[in-house]
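Using the sequences and the hints, build the whole thing.
Quick mapping for you: the protein sequence lines, in order, are chains X and C. Using this note's numbering, the first residue of the first sequence is number 12, and each one after it goes up by one. Using this note's numbering, the first residue of the second sequence is number 3, and each one after it goes up by one.
Rather than coming from a laboratory, the hints here were simulated on the basis of the structure.
Each computed DSBU-like pair below joins lysine-lysine, with the alpha-carbon atoms no more than 35 Å apart:
id : chain 1 : residue 1 : chain 2 : residue 2
1  : X       : Lys222    : X       : Lys233
2  : C       : Lys284    : X       : Lys23
3  : X       : Lys23     : C       : Lys287
4  : C       : Lys284    : X       : Lys65
5  : X       : Lys148    : X       : Lys38
6  : X       : Lys148    : X       : Lys72
7  : X       : Lys23     : X       : Lys148
8  : C       : Lys347    : C       : Lys315
9  : X       : Lys23     : X       : Lys233
10 : X       : Lys65     : C       : Lys287
11 : C       : Lys328    : C       : Lys347
12 : X       : Lys65     : X       : Lys23
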Amino acid sequence: MSSIEANSLCKKFGTFTAVDDVSLHVKPGEILALLGPNGAGKTTTIRMLASILKPTHGNAKIAGYDIEHEQEAVRSVVGLLTEQHGLYNRMRAGEYLDFFGSVYGLDSSMIQQRINTLLDEYKLQEFTNLRLGQYSKGMRQKLALVRALLHEPQVLLLDEPTSAMDPESAHHVRGSIVELRSADRAIIVCTHNLFEAEALADRIAIIRRGKIIANDSPLELKRMMVGDPVMELRLACSLDGALEHLPEGIVEIAAGDNWVRYSTSQADVVNPEILYSLAKAGIPVVTLSRVERSLEEVYLQVVSEDDSQEGTIDGR
Amino acid sequence: MAAEASIPTTLFSGAWIVARREIRDQFRDWRILAPILLLTLFFPLLMNFTASQAVDFVGRYGAPIIGERLIPFLLMVVGFFPISISIVIALESFAGERERQTLEPLLATPLSDGQLYLGKTAASLVPPLAAAYLGITVYLIGLLVKVQWVPSLQLLIQILSLTTIQAMVMVSGAIVISSLTTSVRAANLLASFIIIPVAMLIMGESMIMFWGRYHILWWIVLALMLIAIVLTRMGLRLFNREELLARELDVLDLRGSGRRFWSSFLSDARNPVEWYGGLFQKSFKRIRFPILITSAILLIGFFVGYRQAAVFKLPAEIFQMNAFDKDWLMILREFGMLTPNGVVKILWANIRALILATILGVFTFGVVAEILLLVPLAITGYFAGSLTQAGLDASQYLTALVLPHAIIEVPAAILSGAAILQLGMAAISLPKGSSLGEGWTTSLAEWARISIGIVLPLLIAAAILEVFLTPRIAVWVLSGS
Numbered sequence: 012m013s014s015i016e017a018n019s020l021c022k023k024f025g026t027f028t029a030v031d032d033v034s035l036h037v038k039p040g041e042i043l044a045l046l047g048p049n050g051a052g053k054t055t056t057i058r059m060l061a062s063i064l065k066p067t068h069g070n071a072k073i074a075g076y077d078i079e080h081e082q083e084a085v086r087s088v089v090g091l092l093t094e095q096h097g098l099y100n101r102m103r104a105g106e107y108l109d110f111f112g113s114v115y116g117l118d119s120s121m122i123q124q125r126i127n128t129l130l131d132e133y134k135l136q137e138f139t140n141l142r143l144g145q146y147s148k149g150m151r152q153k154l155a156l157v158r159a160l161l162h163e164p165q166v167l168l169l170d171e172p173t174s175a176m177d178p179e180s181a182h183h184v185r186g187s188i189v190e191l192r193s194a195d196r197a198i199i200v201c202t203h204n205l206f207e208a209e210a211l212a213d214r215i216a217i218i219r220r221g222k223i224i225a226n227d228s229p230l231e232l233k234r235m236m237v238g239d240p241v242m243e244l245r246l247a248c249s250l251d252g253a254l255e256h257l258p259e260g261i262v263e264i265a266a267g268d269n270w271v272r273y274s275t276s277q278a279d280v281v282n283p284e285i286l287y288s289l290a291k292a293g294i295p296v297v298t299l300s301r302v303e304r305s306l307e308e309v310y311l312q313v314v315s316e317d318d319s320q321e322g323t324i325d326g327r
Numbered sequence: 003m004a005a006e007a008s009i010p011t012t013l014f015s016g017a018w019i020v021a022r023r024e025i026r027d028q029f030r031d032w033r034i035l036a037p038i039l040l041l042t043l044f045f046p047l048l049m050n051f052t053a054s055q056a057v058d059f060v061g062r063y064g065a066p067i068i069g070e071r072l073i074p075f076l077l078m079v080v081g082f083f084p085i086s087i088s089i090v091i092a093l094e095s096f097a098g099e100r101e102r103q104t105l106e107p108l109l110a111t112p113l114s115d116g117q118l119y120l121g122k123t124a125a126s127l128v129p130p131l132a133a134a135y136l137g138i139t140v141y142l143i144g145l146l147v148k149v150q151w152v153p154s155l156q157l158l159i160q161i162l163s164l165t166t167i168q169a170m171v172m173v174s175g176a177i178v179i180s181s182l183t184t185s186v187r188a189a190n191l192l193a194s195f196i197i198i199p200v201a202m203l204i205m206g207e208s209m210i211m212f213w214g215r216y217h218i219l220w221w222i223v224l225a226l227m228l229i230a231i232v233l234t235r236m237g238l239r240l241f242n243r244e245e246l247l248a249r250e251l252d253v254l255d256l257r258g259s260g261r262r263f264w265s266s267f268l269s270d271a272r273n274p275v276e277w278y279g280g281l282f283q284k285s286f287k288r289i290r291f292p293i294l295i296t297s298a299i300l301l302i303g304f305f306v307g308y309r310q311a312a313v314f315k316l317p318a319e320i321f322q323m324n325a326f327d328k329d330w331l332m333i334l335r336e337f338g339m340l341t342p343n344g345v346v347k348i349l350w351a352n353i354r355a356l357i358l359a360t361i362l363g364v365f366t367f368g369v370v371a372e373i374l375l376l377v378p379l380a381i382t383g384y385f386a387g388s389l390t391q392a393g394l395d396a397s398q399y400l401t402a403l404v405l406p407h408a409i410i411e412v413p414a415a416i417l418s419g420a421a422i423l424q425l426g427m428a429a430i431s432l433p434k435g436s437s438l439g440e441g442w443t444t445s446l447a448e449w450a451r452i453s454i455g456i457v458l459p460l461l462i463a464a465a466i467l468e469v470f471l472t473p474r475i476a477v478w479v480l481s482g483s
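Below you can see the structure in the form of structure tokens.
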């Protein structure tokens with residue numbers, strides 16, 4: 012059973028449709044990245060899943076609770092990291108977390124135990140004497156993450172966890188998120204950062220203009236969207252005369268003086284054949300390797316298809 | 003995993019968690035702490051000095067009553083100054099938290115909208131009220147020591163009640179304002195809608211106290227309680243997660259409002275028949291309760307007027323029986339009656355009255371509109387009562403002079419009053435999921451539908467009857483009496 016089951020969620024603000032027919036299913040132990048540009052509807056989706064906003068249409072269940080009819084129960088099993096850290100500047104970490112622990116109905120000994128464990132885990136223990144207004148951006152985001160984890164939520168919703176952070180802080184926060192993966196916790200990470208989505212997620216749902224336009228694993232998305240793997244063959248000599256040794260059925264994509272790129276759906280058959288043929292002809296090979304395709308290519312491909320077709324691609 | 007987390011069970015336990023944090027936070031802010039301390043400890047002593055000097059001064063010139071009246075007034079002022087800070091705290095607590103973007107993590111917790119509202123309200127009320135009570139205590143101790151003055155128990159309860167209820171009105175008003183804005187700056191600008199009426203109220207209270215009419219203060223307490231209830235209801239409607247997060251910018255979307263108004267006004271009708279069908283089936287249904295209230299108010303107005311005729315009697319000779327003859331019709335004609343010009347004049351007077359009632363009704367939750375509509379009925383009742391007092395048959399006169407056009411004009415007034423009441427109450431009876439602007443625009447469209455679709459045609463018909471038919475019936479029925 013999925014921890015997050017959203018079916019045809021739709022949210023309108025007046026005449027503006029912020030989220031349109033979004034369906035998401037995230038199992039325990041799974042991390043889903045909701046990837047999309049600013050204003051795509053990621054935050055509104057997250058807010059609906061956290062029972063902060065009510066959907067105009069559609070429904071969703073979080074850990075078995077209905078987001079519309081069991082709002083308080085939903086909010087008690089969700090940990091939400093908001094895009095803005097939302098810390099009270101005049102408070103200290105312990106006091107701040109104690110407040111949120113009380114709000115979640117934890118008893119005081121449990122709150123203290125959780126505070127100590129989490130502050131140690133996120134290396135914030137030594138800063139407990141500082142006011143939160145004195146924290147660096149990375150420290151604030153980590154503390155906000157601690158706040159979201161305080162009540163050990165079954166579902167974690169992280170809205171742009173590294174936005175506007177310096178690379179080092181962002182690296183630390185990403186590391187923390189990876190460590191949060193556990194067998195019984197489902198996580199959604201909202202991001203517009205392709206690298207982050209690929210690094211963190213088991214599956215990526217691309218959202219644009221409020222609609223999910225693609226939803227699959229990063230590898231499968233790449234395969235689906237940018238086609239067969241591309242291979243690059245580099246020779247120690249000129250390419251002249253070598254091309255005739257390439258078998259039929261492969262598609263030449265680009266070529267230089269001493270290199271050629273081709274795509275094939277059967278690299279495990281075609282590549283040994285090429286190497287054998289070249290070796291037999293005495294043509295020295297430097298490398299034959301797979302060209303890495305970035306998620307950026309996938310994203311741009313999906314977006315351009317969405318622009319031209321206004322359609323939906325769902326690999327699930 | 004989440005088994006450890008639960009929901010704060012009662013409204014008050016959850017609210018208290020929120021209030022406790024906010025109160026603690028306030029005591030870390032010297033900008034809030036300094037004025038509270040100053041107004042609690044220094045200001046009462048200053049008022050003590052002022053009171054003793056004033057008592058000495060006026061006593062020397064044989065006017066001790068001025069001193070006697072000044073001391074209770076200063077007691078009220080000592081209580082009022084600290085609670086004035088409650089507006090600042092409430093604006094900071096609601097609009098400030100939203101502006102600093104610290105509200106969303108709180109909205110993501112299991113706390114209900116009611117718990118958050120109550121907690122924040124308590125946090126805005128408790129420190130200023132505690133400071134006010136302390137200030138009053140300091141002032142009273144000072145008076146006891148310096149001029150040996152002790153207030154009566156009734157006066158003390160009145161001042162404490164006034165102080166408390168004024169703080170509640172200011173805080174509930176500030177919450178409404180904060181819920182309508184996204185920044186403290188905008189909320190501060192709008193706060194003048196609270197500060198100016200409260201300042202006028204204090205001036206009024208001071209006059210009442212100088213005249214020694216202390217019993218009127220109870221009525222003020224009662225009126226303020228009603229206002230606090232209305233504002234609290236309005237605040238609870240506006241302070242919800244949906245409304246707080248959906249509002250991103252303080253912009254006036256005239257085009258969007260216009261579209262919403264037009265769409266509600268047309269209500270998907272494709273032709274006038276469908277439009278009128280919707281008007282009778284839907285709009286009437288929506289305003290059936292305001293129709294009942296308005297009818298009851300007009301009826302009460304008539305009977306109050308009728309009863310007052312026995313108190314404020316008119317001389318019997320002013321009711322000239324033989325006045326309703328053809329000469330009377332000639333006189334009426336000179337005033338435009340029995341001519342199309344008369345229809346225009348009466349219609350315009352009625353339309354003006356309804357426009358005025360609508361404008362005043364919008365700002366007074368419909369109350370002043372109902373009073374304006376009640377006045378003509380009260381006058382009619384007074385006229386009928388006076389006829390009875392003069393030994394005449396009031397029903398005959400009402401049938402001749404009022405009924406021919408009132409049979410249409412009164413239903414028009416009831417419908418119009420009901421539509422205005424609905425519009426005035428829009429702010430405190432918003433449909434769930436509607437913003438104040440959406441709810442108000444929809445109610446305005448409903449008002450326009452009823453006013454243009456039914457009230458205006460009825461008023462035109464009533465004016466025609468009043469100008470052409472009523473005088474003739476009056477002559478026919480009354481000339482022979």
